[in-house]
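Enquirer: Protein chains in written order, with my numbering: chain B, 1 to 235; chain Y, 1 to 235.
Possibly wrong hints are sitting among the right ones.
According to the in silico footprint, chain B covers these stretches of chain Y (three or more CB under 8 Å from chain B) [claimed, not checked]:
1. 113-122
2. 150-162
3. 226-232
On the chain Y side, residues computed to face chain B include the following (Cβ under 10 Å) [what the hints assert, rightly or not]:
4. 65
5. 67
6. 68
7. 102
8. 103
9. 105
10. 107
11. 108
12. 110
13. 136
14. 145
15. 146
16. 147
17. 178
18. 181
19. 185
No lab work stands behind these hints: they were computed from the structure. Yeah, the Cβ is synthetic: ideal placement off N, Cα and C, and Gly gets one too.
2 protein chains.
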Amino acid sequence: MGALTKQAVILLSGGLDSTTTLAIARHAGFALYAMTFRYGQRHAREVEAARRIAQRMGVVEHRLCDIDLRQFGGSALTDDLEVPTARAPQEIGAGIPVTYVPARNTIFLAYALAWAETLGTGDIFLGVNALDYSGYPDCRPAYIAAFQTLANLATKGAVEGTCPVTIHTPLIDWTKAQIIRRGLELGVDYALTTSCYAPPADDLACGRCDACLLRLRGFTANHVTDPIRYATHSP
Amino acid sequence: MGALTKQAVILLSGGLDSTTTLAIARHAGFALYAMTFRYGQRHAREVEAARRIAQRMGVVEHRLCDIDLRQFGGSALTDDLEVPTARAPQEIGAGIPVTYVPARNTIFLAYALAWAETLGTGDIFLGVNALDYSGYPDCRPAYIAAFQTLANLATKGAVEGTCPVTIHTPLIDWTKAQIIRRGLELGVDYALTTSCYAPPADDLACGRCDACLLRLRGFTANHVTDPIRYATHSP
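Required output: the full structure, derived from the provided sequences and hints.
Expert: If you want it as structure tokens, here you go:
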């Protein structure tokens with residue numbers, strides 16, 4: 001990578017959305033610095049997926065950050081609450097789901113900002129989506145805009161005017177079908193990604209949780225078969 | 001503590017400012033949940049000071065959070081850059097100092113927000129001061145206001161209207177002399193606190209770095225002797 005290449009920090013979870021975002025950022029010409037958090041989530045396979053994706057999609061540097069969000073509790077993704085399954089489309093996104101993690105995106109973006117500042121870039125990519133996951137307060141456009149405002153007051157480079165911060169959220173108002181369509185156009189191998197909230201085994205998605213249902217419907221809308229393996233599903 | 005007691009999360013560094021802030025929050029009737037970060041700073045004694053202060057000043061719960069800011073570099077507090085010493089008053093606060101840690105307050109406040117949300121409170125206390133440390137972008141009132149705006153878009157309780165977030169920064173426009181005066185009124189034992197950026201030995205402050213100089217001038221302005229031990233100083 002030459003010195004003139006634009007650099008960007010991207011938050012990479014190993015899921016479908018962040019992987020598509022990575023492909024979009026790469027297509028836009030950014031040299032990518034990917035950041036994945038181990039935060040006591042129950043499925044280390046997300047981290048493994050992120051690692052494979054980073055290797056296969058040519059990121060310059062991939063950092064794994066250990067943070068302990070379990071101590072704050074309050075989420076089915078880090079606690080032992082039951083993950084809801086087999087919900088109808090109109091139920092998904094109604095209210096704030098139990099899979100919500102307190103202040104998660106605020107913590108993740110704060111780390112991304114620290115790394116971006118050290119790299120000397122202001123470009124940060126985040127694969128949030130307000131349409132399919134409208135229940136999460138920190139996935140909405142107003143939240144992202146507020147973080148960008150904060151970031152431009154927080155860092156030396158932004159305050160001195162040499163390095164303004166932009167939080168890129170290309171997927172924010174796309175449907176899951178649109179996300180998958182764009183990813184397929186850009187050659188994303190979705191077999192590398194993992195989305196399930198409650199996988200019954202390694203390399204197997206449940207096919208019944210909100211994340212599986214949204215994903216399956218997105219592939220169906222594109223008349224494409226999801227390349228990952230499911231235990232059961234009714235698409 | 002009864003169920004009706006107001007709870008607050010407070011960021012406690014073990015320094016003079018955060019300890020005074022703790023005394024102010026306690027005086028205002030809050031039950032205190034203190035949070036201290038171990039972030040690769042060179043002086044574990046800050047953490048020990050925070051622990052003693054939490055015990056002595058009656059905090060309900062004190063959490064130590066390990067985060068690794070060393071990986072981002074860029075600061076004399078976590079790297080091996082030279083800490084400036086013996087600077088004149090007009091030099092201190094001119095420009096952003098090398099002791100600046102990338103995105104530090106953004107990361108700290110994000111963690112505080114996560115804990116506050118889990119506790120079910122929106123009150124967060126932070127001992128930032130814009131006057132004596134104007135070189136830090138994330139200590140200014142505009143930054144704090146932006147974080148409060150962000151927080152009120154980020155959390156379930158704030159979005160649902162049950163738990164609006166307030167970032168309390170009682171010291172933000174006080175001089176160091178005013179901070180010390182208020183702390184003494186509230187009975188703070190400043191012998192418990194530590195401020196020095198470059199301590200030459202345990203329980204000894206250098207007396208020459210910016211933090212020592214500001215602290216010493218603050219005590220001198222109050223005609224009070226700073227109870228901590230210094231290696232050398234010219235007040």
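Enquirer: Output the indices of the hints that this structure fails to meet, ascending.
Expert: 3, 17, 18 and 19
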